[in-house]
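Novice: Construct the entire structure; sequences and hints are all you get.
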Amino acid sequence: MTRPAADGKRGSTTGLQPRTAAMLGYLAWWVSGGLMLIVERRDRFVRFHAAQSLTVLGAMWLLGALVYGLAFAILSVSAAGFVTMLWLAMGIWAAGVGVWIACLVRVFRGEPWRIPLAAGLADRLAASRSSSAPRL
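When the letters of the sequence shown are read in order and numbered with the numbering used here, they come out as residues 8 to 143.
Please note: incorrect hints may appear among the correct ones.
[As the list claims (entries may be wrong)] Each pair of labels, with its calculated beta carbon distance range:
| id | residue 1 | residue 2 | range |
| --- | --- | --- | --- |
| 1 | S135 | Y75 | 29 to 35 Å |
| 2 | S85 | R116 | 43 to 49 Å |
| 3 | S135 | S83 | 39 to 45 Å |
| 4 | W120 | L69 | 19 to 25 Å |
| 5 | L69 | T91 | 17 to 23 Å |
| 6 | E118 | T20 | 22 to 28 Å |
| 7 | L128 | A102 | 17 to 23 Å |
| 8 | S135 | A86 | 33 to 39 Å |
| 9 | G105 | G76 | 31 to 37 Å |
| 10 | A134 | S83 | 43 to 49 Å |
| 11 | Y75 | A35 | 15 to 21 Å |
Just so you know, the hints here were simulated from the structure itself, not pulled from any lab data. Just so you know, even glycine gets a beta-carbon here, dropped at the ideal spot from N, CA and C.
Specialist: Take a look at the structure:
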């Protein structure tokens with residue numbers, strides 16, 4: 008499958024340059040990715056990165072929140088289990104921040120970066136609504 012390029016010669020439906028719009032898709036983790044996926048209708052580069060933000064950063068946020076919640080559920084059973092789960096949750100959050108920064112830097116440089124396991128889902132998600140997105 009061909010990778011969308013950020014050539015900067017065309018604008019997105021947001022009126023921004025594609026790289027800028029793609030960076031905005033990562034800026035507020037999965038929330039901004041979801042918003043950019045709804046707003047952007049035609050630029051494949053922007054839609055892909057918005058979908059990748061939604062899938063990767065959304066999954067990391069959800070996993071971190073679940074482990075954090077599980078830590079408090081374990082608190083009534085074991086203090087050591089609570090501390091272990093809290094460290095695991097913090098590790099997941101730290102990994103999420105690392106992925107987030109890497110995504111922002113790669114998009115800023117215009118480098119295509121397809122995150123393993125998520126890129127295929129992001130491709131399908133980005134292509135699914137590109138022509139049927141609501142007009143704003």
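Novice: Give a verdict on every hint.
Specialist: Here is what the structure says about each hint:
Distance hint check: the CB atoms of S135 and Y75 are about 31 Å apart, consistent with the given range 29 to 35 Å. Roughly 46 Å separates the CB atoms of S85 and R116, a value that falls within the hinted 43 to 49 Å. Checking the proposed 39 to 45 Å range against S135 and S83 shows it holds: the Cβ atoms sit about 43 Å from each other. Between W120 and L69 the beta carbons are some 21 Å apart, a value that agrees with the proposed interval 19 to 25 Å.
Between L69 and T91 the beta carbon distance is about 20 Å. The supplied range of 17 to 23 Å therefore holds. In this structure, E118 and T20 meet the distance hint of 22 to 28 Å, their C-beta atoms being roughly 23 Å apart. Between L128 and A102 the CB atoms are about 19 Å apart, so this pair conforms to the stated range of 17 to 23 Å. Distance hint check for S135 and A86: the Cβ-Cβ separation is about 46 Å, which falls outside the suggested range of 33 to 39 Å.
For G105 paired with G76, a C-beta distance near 22 Å fails the hint of 31 to 37 Å. At about 46 Å, the CB distance of A134 to S83 agrees with the hint of 43 to 49 Å. Roughly 19 Å separates the CB atoms of Y75 and A35, a value that falls within the hinted 15 to 21 Å.
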